[in-house]
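> We have chain A already, so just place chain B with the ligands on it with the hints.
One-letter residues, chain by chain:
Number of protein chains: 2
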Amino acid sequence: MTPNMPVARRMADIQPFHVMDLLARARRLEAQGRDIIHLEIGEPDFPTPAPIVEAGRQALADGHTHYTPATGLPALREAIARFYQDEYGAHVPPERIVITPGASGALLLVMGVLVNPGAQVIMADPGYPCNRHFVRAMEGEPVGVSVGPDTAYQLTPDHLADTWTERTAAAMVATPSNPTGTLTDTHSLKSMIDFARSQGGNLIVDEIYQGLVYGERPMTAAGLSNQVFVINSFSKFFGMTGWRLGWVVAPEPYVRELDKLAQNLFLAASTPAQHAALAAFTPACREILEARREAFRQRRDVLLPGLRALGLRVPVTPEGAFYIYGNSTAWGEDSFVLAERLLEEAGVAVTPGIDFGRHGASQHLRFAYTRDIPVLEAALERLRQWLG
Amino acid sequence: MTPNMPVARRMADIQPFHVMDLLARARRLEAQGRDIIHLEIGEPDFPTPAPIVEAGRQALADGHTHYTPATGLPALREAIARFYQDEYGAHVPPERIVITPGASGALLLVMGVLVNPGAQVIMADPGYPCNRHFVRAMEGEPVGVSVGPDTAYQLTPDHLADTWTERTAAAMVATPSNPTGTLTDTHSLKSMIDFARSQGGNLIVDEIYQGLVYGERPMTAAGLSNQVFVINSFSKFFGMTGWRLGWVVAPEPYVRELDKLAQNLFLAASTPAQHAALAAFTPACREILEARREAFRQRRDVLLPGLRALGLRVPVTPEGAFYIYGNSTAWGEDSFVLAERLLEEAGVAVTPGIDFGRHGASQHLRFAYTRDIPVLEAALERLRQWLG
Ligand SMILES: Cc1ncc(COP(=O)(O)O)c(C=O)c1O
Ligand SMILES: Cc1ncc(COP(=O)(O)O)c(C=O)c1O
Numbered sequence: 001m002t003p004n005m006p007v008a009r010r011m012a013d014i015q016p017f018h019v020m021d022l023l024a025r026a027r028r029l030e031a032q033g034r035d036i037i038h039l040e041i042g043e044p045d046f047p048t049p050a051p052i053v054e055a056g057r058q059a060l061a062d063g064h065t066h067y068t069p070a071t072g073l074p075a076l077r078e079a080i081a082r083f084y085q086d087e088y089g090a091h092v093p094p095e096r097i098v099i100t101p102g103a104s105g106a107l108l109l110v111m112g113v114l115v116n117p118g119a120q121v122i123m124a125d126p127g128y129p130c131n132r133h134f135v136r137a138m139e140g141e142p143v144g145v146s147v148g149p150d151t152a153y154q155l156t157p158d159h160l161a162d163t164w165t166e167r168t169a170a171a172m173v174a175t176p177s178n179p180t181g182t183l184t185d186t187h188s189l190k191s192m193i194d195f196a197r198s199q200g201g202n203l204i205v206d207e208i209y210q211g212l213v214y215g216e217r218p219m220t221a222a223g224l225s226n227q228v229f230v231i232n233s234f235s236k237f238f239g240m241t242g243w244r245l246g247w248v249v250a251p252e253p254y255v256r257e258l259d260k261l262a263q264n265l266f267l268a269a270s271t272p273a274q275h276a277a278l279a280a281f282t283p284a285c286r287e288i289l290e291a292r293r294e295a296f297r298q299r300r301d302v303l304l305p306g307l308r309a310l311g312l313r314v315p316v317t318p319e320g321a322f323y324i325y326g327n328s329t330a331w332g333e334d335s336f337v338l339a340e341r342l343l344e345e346a347g348v349a350v351t352p353g354i355d356f357g358r359h360g361a362s363q364h365l366r367f368a369y370t371r372d373i374p375v376l377e378a379a380l381e382r383l384r385q386w387l388g
Numbered sequence: 001m002t003p004n005m006p007v008a009r010r011m012a013d014i015q016p017f018h019v020m021d022l023l024a025r026a027r028r029l030e031a032q033g034r035d036i037i038h039l040e041i042g043e044p045d046f047p048t049p050a051p052i053v054e055a056g057r058q059a060l061a062d063g064h065t066h067y068t069p070a071t072g073l074p075a076l077r078e079a080i081a082r083f084y085q086d087e088y089g090a091h092v093p094p095e096r097i098v099i100t101p102g103a104s105g106a107l108l109l110v111m112g113v114l115v116n117p118g119a120q121v122i123m124a125d126p127g128y129p130c131n132r133h134f135v136r137a138m139e140g141e142p143v144g145v146s147v148g149p150d151t152a153y154q155l156t157p158d159h160l161a162d163t164w165t166e167r168t169a170a171a172m173v174a175t176p177s178n179p180t181g182t183l184t185d186t187h188s189l190k191s192m193i194d195f196a197r198s199q200g201g202n203l204i205v206d207e208i209y210q211g212l213v214y215g216e217r218p219m220t221a222a223g224l225s226n227q228v229f230v231i232n233s234f235s236k237f238f239g240m241t242g243w244r245l246g247w248v249v250a251p252e253p254y255v256r257e258l259d260k261l262a263q264n265l266f267l268a269a270s271t272p273a274q275h276a277a278l279a280a281f282t283p284a285c286r287e288i289l290e291a292r293r294e295a296f297r298q299r300r301d302v303l304l305p306g307l308r309a310l311g312l313r314v315p316v317t318p319e320g321a322f323y324i325y326g327n328s329t330a331w332g333e334d335s336f337v338l339a340e341r342l343l344e345e346a347g348v349a350v351t352p353g354i355d356f357g358r359h360g361a362s363q364h365l366r367f368a369y370t371r372d373i374p375v376l377e378a379a380l381e382r383l384r385q386w387l388g
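If you read the protein sequences in the order shown, they are chains A and B. If you count the first sequence from 1, position 343 lands on 343 in UniProt numbering, and the numbers rise without skipping. If you count the second sequence from 1, position 178 lands on 178 in UniProt numbering, and the numbers rise without skipping.
The following block holds chain A by itself, in its conformation from the complex (with noise of 0.2 Å):
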């Protein structure tokens, strides 16, 4: 930047993801011919659910193209109401529920509505890369706690009371989490609820990979308290990642805020996405998200051990999401290094930790089951290869 051309200063500390540059990296190297295993992705490969695709067609043709109110089609809301009622018995209002341009979007309001200047947001490191980004827009500040195997890579309610302090205005826990894929339990997050509430601070709970949970039964946290913001999206369990969609469910109080909000940011979310969304919650559409929920268990029944046998250490087997974690030393030192040299040499694009934070970053590697089995079961051969 020129000095003629001043950017705000908050642009310092936003960073790009990294795995951008390499996967501009690995398309110049399948321009030139070569066969690259993307690994990197975190989104699922599956299509949209047909019936959901034909539900969008279908409201396309019907002219369901104007703006919608900014907290969202009231169908849909009640749709997603009566989804936490009959999946995970928790009673959540309609009236709770806003209708968000993704996850990403929710994030951003949830932020805009607790977070003052200097305010402090206690998050997971490793964790999701936007969510400091999220605070730092807001001129927040994002505080993360380095997290490991011991806590299944989970902030637990120790961490919260080591780290609250006055300026602390919320914590945020992913569960299941990116990059990790683990879980935290229902007992620790409703202590964390009751913890951030009782210094007048908030807990959010983003539950974007909610439904991909392989062994447990799914949870939520709405359905623990009516004091929580959880965050959730169509995008990786119900597979609309490009339609951009996705809610955030808050204590009441804040709902009117949530709105104000929403109505000058966004005006609102998408029109033809909301209404595709109304049949994501079908029997049919469903049935192929089970389908799929298991098609990922049995990736990850390939791939972690296939890891894990080829020396990437995984001390806390991913019971959710789509991404297997894992300290890669035994492969090379610097994980940014070798994520290079897996593309380059073996042709396997990988995730390295430097997107996920800073604790433990140059150790560690993710790997995104977002590839068949047969694809993930290539992807090993040549890592075997490539160790010699």
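Possibly wrong hints are sitting among the right ones.
To give a feel for the contact side, a few chain B residues facing chain A, derived at Cβ under 10 Å [unchecked claim]: (1) Asn4; (2) Thr68; (3) Pro94; (4) Leu108; (5) His133; (6) Lys260; (7) Ala273; (8) Leu278.
To give an idea of the chain A side of the interface with chain B (calculated C-beta under 7 Å), a few residues [said to hold, decoys possible]: (9) His133; (10) Val255; (11) Gln298.
In short, the hints are calculated from the structure, not lab data. Here the structure is a predicted model, which is why all the values come from computation and not from measurement. For each residue, glycine too, the CB sits at the ideal point set by N, CA and C.
This is chain B with the ligands only, laid out in the frame that chain A set:
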């Protein structure tokens, strides 16, 4: 908000659209069987043009449902670049075009990149209400400049020279303007761009109503300089409000910053919408849009003389957008009360001036001609009867 439910200070400065309350009241009246004519709606009544809808449906059938790059589909950036070339003879390389979730998303990104806490952004009052809230969200300070008929309700180089301080980061112009439908001229625009740059700041030109100009040939600030931010959208001229798709043309050194922020705050704009928008520039679609532009002109030519004849003072003829902004003091003192009475007593919904700022707010009403001519005539008849 209870003290135990703290909310960020900025929220006290972020107002909801007052017209939303009127709209809710209108819905109640309609539920009681009353017929309401809606002239408060800031979006075209036309559905999205068929070729765009068809392209959207095809994109869904083809499985275009994954994330795109944060800056948008390369093909769409190229199509917009070609549009600038063909339509305006303006050379705008695709690399300088960043696709966003509506002009709303573009405004948020640009403010995020330009506005430090405490930095000022100059804007016209009356003006688009969200502008000051985008600035406030980033902890900047919106500086409203009272504008009136003498400058066609537009900022001028003189305003900038009078108002610019050490703390000013940018000034915003919208042409055609919401709520006034008035234009600024090329000469004035060019001077403002140069002035802002000479002060080490930037001019942001919102061209969302660009295609909707009657009489004059539409122009673009992007053709005047490569040192200006130009905001645009598929919402209004292209009839895609609910799809949430817009763009920003940025000076080259800022593109990387916008990309970084978009990656983190939005991930990307809607994928089906981006594919659909590729059809917006086809001859078949342009023909439909041209016919609609002509329909809007005819509506203006019915509503404007009609309202003037009834005593609404509209000193500057609106040459663009689909709004008529007039002084309503001949009808009643306070335009907010007036809007309520027009709704309840005459069955005509309009937007009170207060939604657009403070300057003369209580003396003005905005009428949107987003309804067919017979409906506009019926509205005029209702007003005539109500005025007695
Ligand atoms: C933990 C987490 N939260 C939120 C998001 C945002 O997703 P979206 O905006 O598509 O809903 C992601 C996307 O990768 C994520 O991993
Ligand atoms: C002047 C102006 N700018 C920006 C917008 C935002 O529109 P969108 O986000 O739908 O592109 C509007 C919408 O009414 C507007 O009137």
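> If you take the shortest Cβ to Cβ gap from Lys260/B to chain A, is it below 10 Å?
Holds: closest Cβ of chain A sits about 5 Å from Lys260/B, inside 10 Å.
> Hint Gln298/A vs chain B: min CB-CB distance below 7 Å?
violated, 22 Å
> Minimum Cβ distance from His133/A to chain B below 7 Å?
holds, 4 Å
> So, Ala273/B near chain A? Judge it on the closest CB pair being under 10 Å.
holds, 7 Å
> Using the nearest Cβ pair, does Leu278/B come within less than 10 Å of chain A?
violated, 15 Å
> Is the hint on Thr68/B kept, meaning its closest Cβ partner in chain A is under 10 Å away?
holds, 7 Å
> Leu108/B was flagged as interface toward chain A. Is the shortest Cβ-Cβ separation under 10 Å?
holds, 6 Å
> Identify whether the interface hint at Val255/A stands, where standing means a beta carbon of chain B within less than 7 Å of its own.
violated, 11 Å
> Can His133/B be said to touch chain A, with a Cβ gap under 10 Å?
holds, 4 Å
> Have a go at the Asn4/B hint: is there a Cβ in chain A nearer than 10 Å to its own Cβ?
Holds, because the Cβ-Cβ distance from Asn4/B to chain A comes to roughly 6 Å (cut-off 10 Å).
> For the hint on Pro94/B, does the least C-beta distance to chain A fall short of 10 Å?
violated, 16 Å
Comparing the model with each earlier hint shows violations of hints 3, 8, 10, 11; every other hint is respected.
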